[in-house]
Amino acid sequence: MHGGEDFGPWLARQLRMAGRTQTELADSVGVTRAAVSAWITGRARPRDETIRKIATALGTDASTVRNRTTDTLAGRPVAWYHRPAPRDGGREFGNAAAFAFEADVSVLAREATQNSLDERLDNGQPVRVRYTLDELSGETLAAFREAINWKELASHYEAAASRTRKVGQVISAGLRDMYTRDRLVLLRVDDYNAHGLTGDDYEDGRFAAVVRRQLDSRKTARDAGGSYGLGKATLWATSRLGLVLINSTLSEPHEGRRERRLIGRLDLPWREVDGKAWAGPAWFGRPDPHVDGDDVARSWWADEETVDRLRLTRESGEPGTSFLIVGAHDVASLADAASPEGEGVDDDSVQRMHQRLVEALGRNFWAAMTSGGGRRPLLEASVRSFRNGKEVIPERHVDPDVEQPARTRAFRAFLEGATVDRLTEAGQVAMTTVPLRVPGREGFGSGGEHRAVLLVTDGDDLDGEPYALTMMRGNRMTVRVGPVPNLPIGTNPFQAVLLAGRAAGDAAPFADEAEAFLRASEPPEHDKWGQTDELRTCYSPSAYRRIAALTREANKAVRDLVAVPQEKRRAGTERLRKRLAVGGRRTGRPAASGGTGIPTLDELNAHIGTDGAWCVTAEVRIPQGGDSRPLVPVAKLDVRSGPKPVLAWAELVALHNCELIDGALHFTSGARRATFSGVTDVSTHPVRTTLSGLVVELRTGKEDKA
Amino acid sequence: MKAYPYRRLAGPVSLRVTAVELKVPGESREPLDTKAFSVVEQVVALGGTGFDDWESARLKLSATIPSKATAPDSGWSDVSVVAVLTEKATNARTVVPLESTTESGREWTGFLDVWRADHRDRASLSVHVVARADGVPGRVIATAQNEWIVDLSAEAPRRQRELDVVIAGFREGPQWRRPFREVPWIVDTSGDVAAVHVNTDFEGLTDLLSGSGSGVEGLVRDLLLAQMCTDVWTAVFHAAVGDLEVEEDGTPLFPHDWRGEVLREMLPDVMPGRPLEEALGEVHRRRTEAAGWIDLQPRIHFAATRRAEMPKALSTTIRGLDRLQQRADA
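Those protein sequence lines, which keep their order, are chains A and B.
Residues 1 to 706 in UniProt numbering are what the first sequence spells out, letter by letter.
Residues 1 to 330 in UniProt numbering are what the second sequence spells out, letter by letter.
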């Protein structure tokens with residue numbers, strides 16, 4: 001790569017950042033001030049020998065000066081730069097976008113992965129997303145704090161945590177966890193084969209959209225998932241410290257470079273530190289020499305060692321972005337744990353977050369991860385967990401066939417054209433289409449009838465609740481999973497998938513129109529299709545009804561495919577017949593009046609003795625306060641049909657808590673368990689003992705009248 | 001409790017029907033929709049297929065057994081898995097071997113042909129794991145927990161069945177019914193399924209039963225339905241206990257058809273607080289021996305009334321009449 005910037009502007013910036021004058025440089029290089037001025041204005045170029053001297057003076061090597069693709073490290077260092085409070089006295093106590101989401105790693109997985117999916121490079125290869133949890137403690141934690149200049153931040157955190165508002169409480173809990181338990185959880189989200197944060201630090205572009213702006217979505221793809229720019233807020237919402245560090249490898253060079261573009265962003269509420277008021281956000285970067293007045297930090301091109309210390313090293317030079325969420329927490333998983341005290345972070349929360357990430361990725365992106373029909377998947381995802389950089393849970397690739405087997409099977413059959421019209425065998429996937437009448441859009445054609453693809457296959461509980469209809473559009477992210485209503489009892493469990501818009505395949509009519517329509521009907525959470533402001537303004541106030549119609553049609557089509565027939569009743573007899581049902585009850589109705597029951601056999605040890613007799617030791621459970629009438633042990637042979645032959649006892653012994661009177665066991669009052677043993681009389685065996693099973697029962701004596 | 005003179009296989013053995021094909025003579029096999037069977041109810045319904053003259057049905061089966069069965073150190077050898085179709089009413093028994101389809105030996109598949117001529121009503125389908133144990137071949141070391149039902153006539157794959165309702169004029173039709181032409185309904189428990197016959201010659205009865213009127217008519221209809229059901233449950237209970245198969249030692253067995261279901265559902269109310277077998281034994285003893293049968297009549301009446309939801313119907317009627325009365329007074 002030859003010559004990043006022109007020499008003049010580059011040198012001027014290095015001097016400014018280093019806070020040095022042209023005269024000072026001239027003195028240390030041994031030239032006149034006029035010569036330096038000539039370099040800066042571009043009227044002259046230094047010779048090679050002089051370049052070496054300039055390099056020494058700037059504290060760098062000659063090739064940096066020759067290539068000028070990076071700044072020297074001279075001058076003001078990488079540090080935290082806080083945005084001063086506005087002069088109008090406005091105070092913001094939190095990031096509104098971050099409040100739109102719960103601090104929930106499954107929401108994060110959904111939003112962040114969707115962003116990665118939208119940023120996929122269009123080269124037929126999947127975007128690879130990896131979530132890494134790393135729990136730091138001890139020296140590793142200390143070294144990391146050092147790397148992020150914690151000392152500079154500490155006073156800001158203390159000021160922010162002392163406020164009683166919601167954000168303050170979250171921050172203070174995060175600080176407490178770190179200080180008292182000496183522990184900090186990092187969650188890193190990496191994507192590869194994605195665009196990376198391209199573009200200028202401030203002008204429109206991916207970098208500015210993510211790092212500088214709120215609610216700015218610059219997504220252009222027709223089937224992009226997000227359109228609100230809210231998703232990135234989940235990154236900061238997941239951090240208890242409001243702190244996210246970013247390392248991006250760009251797909252197209254910026255300032256002549258691609259790799260290790262770093263910046264950190266901190267979202268704190270308004271605060272006062274050292275008598276000065278700060279607006280909220282802060283950036284970790286280099287002060288920008290081009291901006292006068294207030295300190296503004298810009299991204300910098302870091303060396304490998306810095307990246308390593310910040311725990312931001314990427315596995316390859318492939319473009320994409322790494323987000324490091326510092327102090328990651330998961331409110332939802334804490335609720336799941338439901339500890340009786342309801343306080344404190346459980347030790348295995350990393351394990352739980354790991355599990356929840358895998359589940360969330362599987363649940364939301366199984367279709368994007370499915371390959372078939374010669375096409376690679378859009379997405380590959382994995383999760384791994386470390387403690388102080390050492391692997392504690394090995395990397396697990398989220399496999400859609402494992403996480404969502406039935407739905408994945410359905411989708412793959414669609415991709416491979418292996419669907420059937422009606423289901424005749426388990427494992428098949430039936431396909432049909434349902435209409436979506438896309439309304440015309442203002443100045444965008446008249447709309448038309450889109451045919452969404454409906455897939456149905458038998459499903460078991462591995463996919464979550466059966467009898468469900470999953471809906472998605474072109475980005476192949478699960479939008480909504482809902483139960484199919486009005487199914488007759490006995491209907492086989494199934495999973496249904498509705499592919500609408502561009503997901504319905506190239507042959508589907510009005511796919512682009514349907515895609516745009518459905519995208520407009522998705523709220524920021526992307527969890528349903530329904531009425532939205534965009535739908536109302538771009539289409540019509542009643543346009544959302546088309547979606548209700550689509551759902552209705554889809555449910556009906558599912559029922560047509562899977563609903564078991566119902567017994568036809570003649571009109572006149574229906575009332576009577578439905579009251580005359582027998583059987584089919586899985587559990588018996590509880591009896592009208594109580595009764596704690598009688599003693600029952602609880603354990604039976606039986607073996608065949610040398611003479612061929614059954615030798616039996618049995619334990620009886622006696623219900624408390626129950627019936628304690630005498631019971632007669634009976635031995636029979638277990639036969640397949642007909643009456644069971646009864647064997648006589650050659651010997652019957654009451655061993656514990658019971659007494660034998662006239663062949664009946666009388667139980668000691670108050671006892672809960674009793675034991676007896678017996679040996680059968682071989683002469684009463686109708687067949688050889690080894691040829692049949694034995695049944696032992698307790699019967700109430702005939703003399704008993706209840 | 002049971003004991004066996006050899007080691008048995010612990011763990012779940014399950015059976016699934018995965019497809020059904022019908023064979024009509026002279027035609028090729030026709031695959032049925034998976035709606036024809038229910039893995040929830042575990043029932044195959046062959047009645048609603050639209051093929052009246054089918055001769056046999058081929059069920060594709062899949063069984064899952066614990067992998068312990070085929071482990072090298074299990075102590076069993078020659079392990080095989082068989083599907084067994086039986087119907088007690090016809091004494092039919094069909095056994096077919098399944099084949100192991102996975103390396104682990106857990107999944108077994110195969111098919112079984114159900115011949116229509118061999119069966120009458122409902123056949124049971126089960127699966128056994130058979131092995132050589134202690135040198136003895138052919139021992140059943142495990143049996144599926146669940147039995148499937150193959151119903152030859154039902155349209156819907158449901159375990160639950162309904163007693164029959166016959167609507168007819170008693171003056172015409174079979175001879176046995178004619179003497180009852182004066183009564184509004186009778187219960188016949190002689191058939192495969194108990195039936196209540198409703199007499200259309202009884203003026204206005206069917207109109208009342210099938211009518212949609214509310215008000216007094218609705219109240220009377222619901223009360224009447226409850227009364228009919230009470231009669232039915234009383235009659236079927238008596239029919240069921242009156243014809244029990246008895247073991248050598250006098251223990252009665254549950255009938256395998258609807259009678260068994262009726263007993264299982266009503267015995268907890270007739271003999272509360274006892275296990276079903278025990279309750280059945282007691283009822284049988286009282287019926288066959290001199291004492292105690294009379295004492296049982298109120299309990300049977302109680303069970304039938306409860307099953308028919310008579311108290312609810314009656315109090316609804318009484319409240320409804322009160323309300324109508326108040327409205328008339330106002």
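Incorrect hints may have been included.
Said to hold, decoys possible - Computed cross-link-like contacts, DSS-like style, restricted to lysine-lysine with a CA-CA straight-line distance of at most 30 Å: (1) A:LYS568 - B:LYS2; (2) A:LYS53 - A:LYS151; (3) A:LYS528 - A:LYS568; (4) B:LYS23 - B:LYS68; (5) A:LYS568 - A:LYS556; (6) A:LYS556 - A:LYS578; (7) B:LYS312 - A:LYS578; (8) B:LYS60 - A:LYS556; (9) A:LYS568 - B:LYS60; (10) A:LYS166 - A:LYS528; (11) B:LYS2 - B:LYS88; (12) A:LYS151 - A:LYS390; (13) B:LYS60 - B:LYS23; (14) A:LYS568 - B:LYS68; (15) A:LYS166 - A:LYS53; (16) B:LYS60 - B:LYS88; (17) A:LYS578 - B:LYS88; (18) A:LYS578 - A:LYS568; (19) B:LYS68 - B:LYS2; (20) A:LYS151 - A:LYS166; (21) B:LYS23 - A:LYS568.
These are calculated hints, taken from the structure and not from any lab test.
Each hint tested on the structure:
Distance hint between LYS568 of chain A and LYS2 of chain B is unfulfilled; the C-alpha atoms sit about 43 Å from each other, more than 30 Å. Of the pairs offered as hints, the one joining LYS53 of chain A and LYS151 of chain A is violated, with about 36 Å between alpha carbons and a cut-off of 30 Å exceeded. With a C-alpha separation of about 37 Å, the suggested pair LYS528 of chain A and LYS568 of chain A falls outside the 30 Å cut-off, and the hint is violated. Simply put, LYS23 of chain B and LYS68 of chain B have alpha-carbon atoms about 38 Å apart, too far for the 30 Å limit, and the pair is violated.
Note on LYS568 of chain A and LYS556 of chain A: the hinted pairing holds, with a Cα-Cα distance of about 20 Å set against a maximum of 30 Å. Proposed proximity of LYS556 of chain A and LYS578 of chain A is supported: the alpha carbons are some 25 Å apart, at most 30 Å. Of the pairs offered as hints, the one joining LYS312 of chain B and LYS578 of chain A holds, with about 17 Å between alpha carbons and a cut-off of 30 Å not exceeded. Proposed proximity of LYS60 of chain B and LYS556 of chain A is supported: the alpha carbons are some 28 Å apart, at most 30 Å.
Pair hint LYS568 of chain A plus LYS60 of chain B holds up; C-alpha atoms about 27 Å apart against a cutoff of 30 Å. Between LYS166 of chain A and LYS528 of chain A the alpha-carbon distance is near 28 Å, which keeps this suggested pair within the 30 Å criterion. This hinted pair checks out: LYS2 of chain B and LYS88 of chain B have alpha carbons roughly 23 Å apart, not beyond 30 Å. Among the hinted pairs, LYS151 of chain A with LYS390 of chain A is consistent with the structure: their alpha-carbon atoms are about 26 Å apart, no more than 30 Å.
Between LYS60 of chain B and LYS23 of chain B the alpha-carbon distance is near 14 Å, which keeps this suggested pair within the 30 Å criterion. Under the criterion of a C-alpha separation no larger than 30 Å, the hint pairing LYS568 of chain A with LYS68 of chain B is inconsistent with the structure, at around 46 Å. The suggested pairing of LYS166 of chain A with LYS53 of chain A is violated, with an alpha-carbon distance near 55 Å, which exceeds 30 Å. A C-alpha spacing of about 22 Å is found between LYS60 of chain B and LYS88 of chain B, which places the hinted pair at or below 30 Å, so the restraint holds.
About 27 Å separates the Cα atoms of LYS578 of chain A and LYS88 of chain B, which keeps this hinted pair within 30 Å; it holds. A distance of roughly 11 Å separates the Cα atoms of LYS578 of chain A and LYS568 of chain A; the hinted pair therefore holds under the 30 Å criterion. Of the supplied pair hints, the one linking LYS68 of chain B and LYS2 of chain B holds, its CA atoms being roughly 21 Å apart against a limit of 30 Å. For a cut-off of 30 Å, the pair hint linking LYS151 of chain A to LYS166 of chain A stands: about 24 Å separates their Cα positions.
A C-alpha spacing of about 25 Å is found between LYS23 of chain B and LYS568 of chain A, which places the hinted pair at or below 30 Å, so the restraint holds.
Of the numbered hints given earlier, the model fails hints 1, 2, 3, 4, 14, 15; all others are met.
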